[in-house]
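*Asks:* Sequence:
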Amino acid sequence: MIPLQLTLKNFLSYRDATLDFRGLHTACICGANGAGKSSLLEAITWAVWGQSRAATEDDVINTGAKDVRVDFTFINNNQVYKIIRSRTRGRSAALEFQVESGGGFRSISGKGVKDTQEQILGQIRLDYDTFINSAYLRQGRADEFMSRRPNERKQILADLLKLSQYEELAEKAKDLSKQYKGQAEELEQSLQVLVQQLQEKEDLIEERTSLDAELEQLQKLHDRDLVRLQELQLVANEIKTWEQQLSWHQDRYRHHTQDCDRLTKDCLSLQGRLSELEKFLAQETEIVAGYQRLQSLQAQEASLSDKFQAYQDAQQQKQQRQQQLTEKINQVNLEIKQTQTHLEALEQQELEIEEVLSHSDEVAAALEKLSHHRRNLQKLDEVQLQVAPLLQQRNRIENEINQARATLNARLEQLHSSERELQLEASEVPGMKSKVVAVDLQIGELDKKRVYQQRVLEKGQERGKFQERLQENQRVYEKQLGELQQKLEMLQTPGAVCPLCDRPLDEHYRNHVINKTQTQQDEIQQQFWAIREQMAVCERELQVLRAEYAKLSKELAGYDSLQQQLGQLEAQLDSKIGLRERLQQIVTQKEEIERSLNLGSYALDLQAKLASLDRRLAELNYDEQTHALVRGEVNNWRWAEIRQAKLDDAQKRLAALQAQKPQLKQRIEGLENAIAQLRQSSEIQQEIERLDRYLAELGYNRQTHNQIIEQCRQAQAWELPYQKLAQSKQDYPKLAADLQQLEQMLQVRLADKENMKLELDNLVAQRQEMQDVRPEISCLEEQISQKRQQLDRAIAQQGRLEQALIQIETLEQQYAQSQQRLQAVRKQYRVYQELAIAFGKKGIQALMIENILPQLEAQTNQILARLTGNQLHVQFITQKVGRSSRSKKKAKTIDTLEILIADARGTRPYETYSGGESFRINFAIRLALARLLAQRAGTALQMLIVDEGFGTQDAEGCERLIAAINAIAADFQCILTVTHMPQFKEAFQTRVEVYKTQAGSQLKLLN
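Numbering of the sequence shown is given in our numbering, commencing with residue 5 and proceeding in unit increments.
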């Protein structure tokens, strides 16, 4: 993917900007922090993949704008494509994918955004994650691979290669193998049980034959006893009716007796309570006096509590000030210790510098020889400086003349093609405008319907909740009707009792309760039918709302497609704005270019410069071999200059150290004086003394406070008697009235009891004259029950035998099916067990890493050779022999990922290499990884974005980074570097300067 042009409208900090990548090979995007450098990269990723650093989709829209649009034109596989992604705030995004055809662009978009995105990924064959790990070298990631331990490097490589999918497959295969293993074990156990059960079939058949004969004999005896029982039950029913009447009268007499006893006890209880209240009311004076003393003590305790809180606050402030004073003193002591340590370090450095200065004579002699050779080299360099620019300038001028003619020809052909395309596109503009207006009107109508649909949905939800409340009320009324119906049935049975007090009801009171209950039942029934009617109305309303909602959903089905169509039409219409002006400009440019080509009046200044350069080169006489020999002598004696620089630096450092020592001693003395001042007259010390005076003035006594609290606690006992006294004054008149009423009711109940006693004695005498047949019935029922039980047991046993035989037949079928299933489960277990091993880290993952490492090593060494002039070589080691233990004769092979680096002096650890060499190694490995990731995605790495952060490098490190980028520039069509440091942008011939204005971020291309 090679970028050609990027156009931004209302994207992040940009209002309207265009960046033309044509002619950019190695360029620098520079500007202050926050100017919008990264937003250019974000615009590319948002246009191509729809992803950016924004939290929500609307966040990419510039503040105050309603819509955003990014046009990105690029080359992929020698074909020019254009992606137009736009979005209106609050609406769905629109995506247009076009390909250059016949001098213009034609749409190859899918049906929707998702289909169009798949079309884009199918063409570029590069997803977002692969792009940011291959074409985009992020800050601080150059040495990530080398700085990790060998076992961690394999994990990093697995993450970059996205091998986690194989790990997930391995886990799924393990889980499935465990499931199938468990199923196989369960099937084996079930088969053993089935074999044991099938062996019981013959015994069951013999037992069923003997049981059929026993059943026939038991049935005959049972029928004979049943006839006799029916005869005796007719007699017993008559006796039972009489006994029920007697029992009812006995229950009435017993209830009246209980009522009389209860009333007597209640009268005695009330008399005792009245006596206790009279005694308690006699203590009124003593109780009131104790309660008043309690209130006085509570007031004193509240006053002392306020003083206690003020005392606590002052104490806490004092502790805080003392802690602040201690912390400041400790801080000054720490500074004194640090300064003393610094002073000792300066003295040690002074001794080391004096040792370095002792070799100054040897360096002076070598500098004289270097100066002699350097004077000769300077003369040759002056001649070379005159020749080299002239040769470069001559080649550049020839290329520029040829390029100028080719550019004019290409531009002329392009203008002919553009003229035809613009004439064709201009004829399509009126029709497209009418389509945009029509689609926008349709979307407006559908927006109104969406609002109405939401209202219908909310109304439907409200009616649904109302229907649920009606259903709940219906269930409550149904329950109440059932309880009332049960109550009526109980009241209408003979001998009914009161449902509240469980006493027998007389005829008048029972009729009254029945009428009251029926009235209540009729009222609830009316409410029940009203709810049923409301539910029917609510259901009809819900049906209407559902139908209306379904109709609206059907009408709104094409809303998203209309949004997509509107976005595509607007994008196409925007691209056709200004067609007439562009057409006139193209005609004028075409005539000018044709005139220049016919007359040959192009690059005239370049042709004159070329002739002048040829004359100048003939005048100069330059020998490159002699120049190389002199340069070698200078290099041999250059060490003296480095040593002299170190001596000069040592002199400066010595002078600086001697100047720092008096300052450090003076600082130590000043810090000691500061400690004394803090302890005597600081603001914190004055605050502590003020708090001591405040505490003395407050005069709070904790002992006095505790005494008041204890007295208040002892007097608290008067609060409950005081409340009880007030309650007793209210209860005494009521209890006296209740006692009088109970005594009257007791007299009435005693009279009713005597009348019931006479009726009960008469009924008992009549019952004793009847003959009792219940013993004979009981004996006969017991015999029938025993025979019935025997018969039931036999029938149940017969059913169990039949069921067992049927179960045996079913088990025979299950046994055959289980054996087949067991074989299939065992086969699946073996398959998934092998898949778990294959997908694991020692299977496909290890094999893929082993296959990718030779490619990574070759790519790294190829790049490293260009960066270091074949001086360094990298080798990846994936296995090594571990230490052999005494118990094992043979050593074990260990999986690892070690990196060996070799140079002219042999193989050394990575940590021993200098900063420049280690940086080139890191950069080569990171770039090789990027190329491999792009190749695995099925595409070529043609664009490279380096955001390593010049701010993290010193001057020498930045020079190494720039040199590394220039060394690999020929391998890429476009390399972009990002920096905010202005002193390094001059290292790049082409720069894109980004700056912030009132109208948003702007950019300027400088060559």
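Keep in mind the hints are simulated off the structure, nothing from the lab.
For each residue, glycine too, the CB sits at the ideal point set by N, CA and C.
Hints may contain errors.
Said to hold, decoys possible - Straight-line C-alpha distance at most 20 Å; calculated EDC-like pairs for lysine to aspartate or glutamate:
id : residue 1 : residue 2
1  : Lys733    : Glu290
2  : Lys437    : Asp71
3  : Lys311    : Glu623
4  : Lys341    : Glu356
5  : Lys728    : Glu282
6  : Lys845    : Asp179
7  : Lys118    : Glu61
8  : Lys831    : Glu220
9  : Lys791    : Asp229
10 : Lys831    : Asp365
11 : Lys831    : Glu331
12 : Lys205    : Asp216
13 : Lys791    : Glu220
14 : Lys332    : Glu693
15 : Lys383    : Glu623
16 : Lys439    : Glu449
17 : Lys656    : Glu359
18 : Lys224    : Asp796
19 : Lys244    : Asp255
As the list claims (entries may be wrong) - Here are the computed distance ranges between Cβ atoms for each label pair:
id : residue 1 : residue 2 : range
20 : Lys613    : Met852    : 51 to 59 Å
21 : Met852    : Glu462    : 52 to 60 Å
22 : Gln611    : Gln993    : 23 to 31 Å
23 : Tyr999    : Asp62     : 50 to 58 Å
*Asks:* Next, verify each hint and record whether it holds.
*Replies:* Status of each hint after checking the structure:
1. Lys733 / Glu290: 16 Å, holds
2. Lys437 / Asp71: OK: lysine 437 and aspartate 71 at ~19 Å, within 20 Å.
3. Lys311 / Glu623: 107 Å, violated
4. Lys341 / Glu356: 23 Å, violated
5. Lys728 / Glu282: Holds - the C-alpha atoms of glutamate 282 and lysine 728 are around 13 Å apart, at most 20 Å.
6. Lys845 / Asp179: 16 Å, holds
7. Lys118 / Glu61: Holds - the C-alpha atoms of glutamate 61 and lysine 118 are around 15 Å apart, at most 20 Å.
8. Lys831 / Glu220: Measuring from Cα to Cα gives roughly 55 Å; hence the hint is violated.
9. Lys791 / Asp229: Within the cut-off at roughly 9 Å; holds.
10. Lys831 / Asp365: Roughly 88 Å between the alpha carbons, so the hint for lysine 831 and aspartate 365 is violated.
11. Lys831 / Glu331: Violated, at roughly 75 Å.
12. Lys205 / Asp216: Measuring from Cα to Cα gives roughly 18 Å; hence the hint holds.
13. Lys791 / Glu220: 12 Å, holds
14. Lys332 / Glu693: 18 Å, holds
15. Lys383 / Glu623: It holds: about 17 Å lies between the C-alpha atoms, which stays within 20 Å.
16. Lys439 / Glu449: 15 Å, holds
17. Lys656 / Glu359: 14 Å, holds
18. Lys224 / Asp796: Holds: lysine 224 and aspartate 796 sit about 14 Å apart, inside 20 Å.
19. Lys244 / Asp255: 16 Å, holds
20. Lys613 / Met852: 51 to 59 Å: 58 Å, holds
21. Met852 / Glu462: 52 to 60 Å: 55 Å, holds
22. Gln611 / Gln993: 23 to 31 Å: With a Cβ separation near 24 Å, glutamine 611 and glutamine 993 satisfy 23 to 31 Å, so the hint holds.
23. Tyr999 / Asp62: 50 to 58 Å: For tyrosine 999 and aspartate 62 the Cβ distance comes to about 26 Å; the hint is violated.
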